[in-house]
Every structure is written in structure tokens, then in C-alpha cells.
Amino acid sequence: MIKKDLIFDIGMHIGQDSRHYLNMGFNVLAIEANPELVQQNKLKFKKEIDEGRLTILNIGISAKNETIPFYKNHRLSEWSSFVKEIGTRLNSSYEIIQVECTTTEDLFKKYGVPYYLKIDIEGNDYLCINAISKDSMPSYVSCEATSIELLHTLYAKGYRKFKLINQADNFKPINIKKEKSKLFATYLFIKCGVLLRIQKYLPLKHIYSSSGPFGENTKGKWLTYEETEKLYNQFYRKGENEKALSDISWFDFHATIN
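By my numbering, the letter at position 133 of the sequence shown is numbered 175, and the numbering carries on one by one without gaps.
I should point out that these hints are in silico values taken from the structure, not numbers from a laboratory. A virtual CB, placed ideally from N, CA and C, is assigned to each residue, including glycine. The reader is advised that the hints may include incorrect statements.
Said to hold, decoys possible - FRET-style restraints, in silico, Cβ to Cβ:
| no. | residue 1 | residue 2 | range |
| --- | --- | --- | --- |
| 1 | S135 | H248 | 39 to 47 Å |
| 2 | Q140 | N259 | 23 to 31 Å |
| 3 | S135 | K233 | 23 to 31 Å |
| 4 | K224 | E127 | 41 to 49 Å |
To be verified - Here are the simulated lysine to aspartate or glutamate pairs, DMTMM-like style, with alpha carbons at most 25 Å apart:
| no. | residue 1 | residue 2 |
| --- | --- | --- |
| 5 | K233 | E120 |
| 6 | K106 | E191 |
| 7 | K233 | E221 |
| 8 | K199 | E268 |
| 9 | K46 | E221 |
| 10 | K46 | E78 |
| 11 | K199 | E147 |
| 12 | K88 | E78 |
| 13 | K219 | E147 |
| 14 | K285 | E271 |
| 15 | K214 | E142 |
| 16 | K45 | D177 |
| 17 | K86 | E108 |
| 18 | K84 | D148 |
| 19 | K199 | E269 |
| 20 | K152 | E93 |
| 21 | K88 | E108 |
| 22 | K199 | E78 |
| 23 | K176 | E268 |
| 24 | K285 | E108 |
| 25 | K285 | E221 |
Turn these sequences into a full structure, and let the hints guide you.
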């Protein structure tokens, strides 16, 4: 049974999404592999932890219970990953630490099935989606749209409505016409650069690099599986030269059951 007051924040990072969910009145189970970020978040959210509204686990997600290498990126903490190619991208400085991992199935069993499953774990989002079953099916799911296979799996699991949200464009639905414009890419480049600077000093509801709104609060209408697949393929131009329309835009899949 779904726990309608519970959200899983898989990939807590600096806690921007957890803060939003807590402000909405939800309880949150947050998963973060980076021990430094976990300690920072435990201090930042001491009140919510003491109230029993937030649980933070310093673990990773894997296909089985194991301890495996985690590539902690020194250039950008959000680049850290259990996938070496992602955690060490662009020849950036990194260190390897050993992190205990669990499975999403075990989290469902221990904490219950969340109303919303937010996933952002740099290359391993599929592990969480693969764990969804008929008996453990969150009402809403979001993940990084790094592969069309994630959409295929969500559909196979029983999700029937989708959105492809542009994380670089104020969490708006993808717009292929705009993406084809070089002026739009320049606009996003400037806009995102400004946001990265001002959000250090101004309280924004959804900061750049956060997952943004979820569920019925996301912008735009829900699309069919076929419509979403078509938009994804149009942006990444699958079947043509495999080069995306833009290297500024990046997307999340959002999915719901009905």
C-alpha cells in the first residue's frame, strides 16, 4: 500500500529537494552516498530529523546489498557516481571511497512504498525503476532522462502518463521548436549562469540543479508513452546523426499511473 505522506529522495545531494518536500508537509526518506553531504544535511535538517519527519541514510543504491567503490568528484559534487565514467568525467579530480549499498526493494520493504519516488543518482536511476513492481508502485516517479530505455521500463511497469521536463528551462515541458533555435540555447546558457550565481544569495523555491516540482504541480499536460518517446527522439535525433539539438538543455522523465 502506498504511504501518501512519504517521499523517497534518492540522491539527496545538498537537500534542496528534501527541503521542498518537507515544506509541502511530506515525510522524507533521503538517500545520499557522499558522507560529507550527509553530515552537512544532518546539521542543516536537525529540527526535521528530531521531529521524525526526515530520515537520512548514508548509503548507495545497488542491485544487491554490497559495499562498492564510489567516485567522489572534487570539481562538482553532483558529478559523483558509482559509475566511474560519470564520477571522473572531463578528467576532473576525484577520490574513491567505499560505500555500503542497499536495494530499492529493501527500502520499500522497510519504509513502505512512497507516494513519490524521486531518483537522481548519476547513471544508476534504472536500479530504482527496475525495483518497481505491481505491489510496490509509487503514484509518481521522476528520473533523469538519460536513456529512452528508462521510459520503456516505466511503461512496462504500468505507468501510462508522462512528461519530459526541461531542467534548464525553469522546469517547463520540452519544446522542440525552441530547442532548434541557437538563440534559445544562448538564452539558456546565460540564464542558467545567472541563476547559479544569484541562488547563492536569494532563496529560490526550486534552485538550478534541483528536481523541481513533481506530480500534478509539474508544468504542461501529461502525454502518452508514444508522444513522450517521439519528443525524446526528436531532441536527441535518434536515427540521424545522434547529436542532440542542444547541449544546454537536460531533462527529467516524470511518470504517473493513470
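We went through each hint and held it up to the structure:
{"no.": "1", "hint": "S135 with H248: 39 to 47 Å", "result": "violated, 29 Å"}
{"no.": "2", "hint": "Q140 with N259: 23 to 31 Å", "result": "violated, 38 Å"}
{"no.": "3", "hint": "S135 with K233: 23 to 31 Å", "result": "holds, 28 Å"}
{"no.": "4", "hint": "K224 with E127: 41 to 49 Å", "result": "violated, 29 Å"}
{"no.": "5", "hint": "K233 with E120", "result": "holds, 20 Å"}
{"no.": "6", "hint": "K106 with E191", "result": "holds, 21 Å"}
{"no.": "7", "hint": "K233 with E221", "result": "holds, 15 Å"}
{"no.": "8", "hint": "K199 with E268", "result": "holds, 15 Å"}
{"no.": "9", "hint": "K46 with E221", "result": "violated, 36 Å"}
{"no.": "10", "hint": "K46 with E78", "result": "violated, 30 Å"}
{"no.": "11", "hint": "K199 with E147", "result": "holds, 14 Å"}
{"no.": "12", "hint": "K88 with E78", "result": "holds, 15 Å"}
{"no.": "13", "hint": "K219 with E147", "result": "violated, 40 Å"}
{"no.": "14", "hint": "K285 with E271", "result": "holds, 16 Å"}
{"no.": "15", "hint": "K214 with E142", "result": "violated, 36 Å"}
{"no.": "16", "hint": "K45 with D177", "result": "holds, 13 Å"}
{"no.": "17", "hint": "K86 with E108", "result": "violated, 29 Å"}
{"no.": "18", "hint": "K84 with D148", "result": "holds, 23 Å"}
{"no.": "19", "hint": "K199 with E269", "result": "holds, 18 Å"}
{"no.": "20", "hint": "K152 with E93", "result": "holds, 19 Å"}
{"no.": "21", "hint": "K88 with E108", "result": "violated, 29 Å"}
{"no.": "22", "hint": "K199 with E78", "result": "violated, 35 Å"}
{"no.": "23", "hint": "K176 with E268", "result": "holds, 22 Å"}
{"no.": "24", "hint": "K285 with E108", "result": "violated, 37 Å"}
{"no.": "25", "hint": "K285 with E221", "result": "holds, 13 Å"}
Comparing the model with each earlier hint shows violations of hints 1, 2, 4, 9, 10, 13, 15, 17, 21, 22, 24; every other hint is respected.
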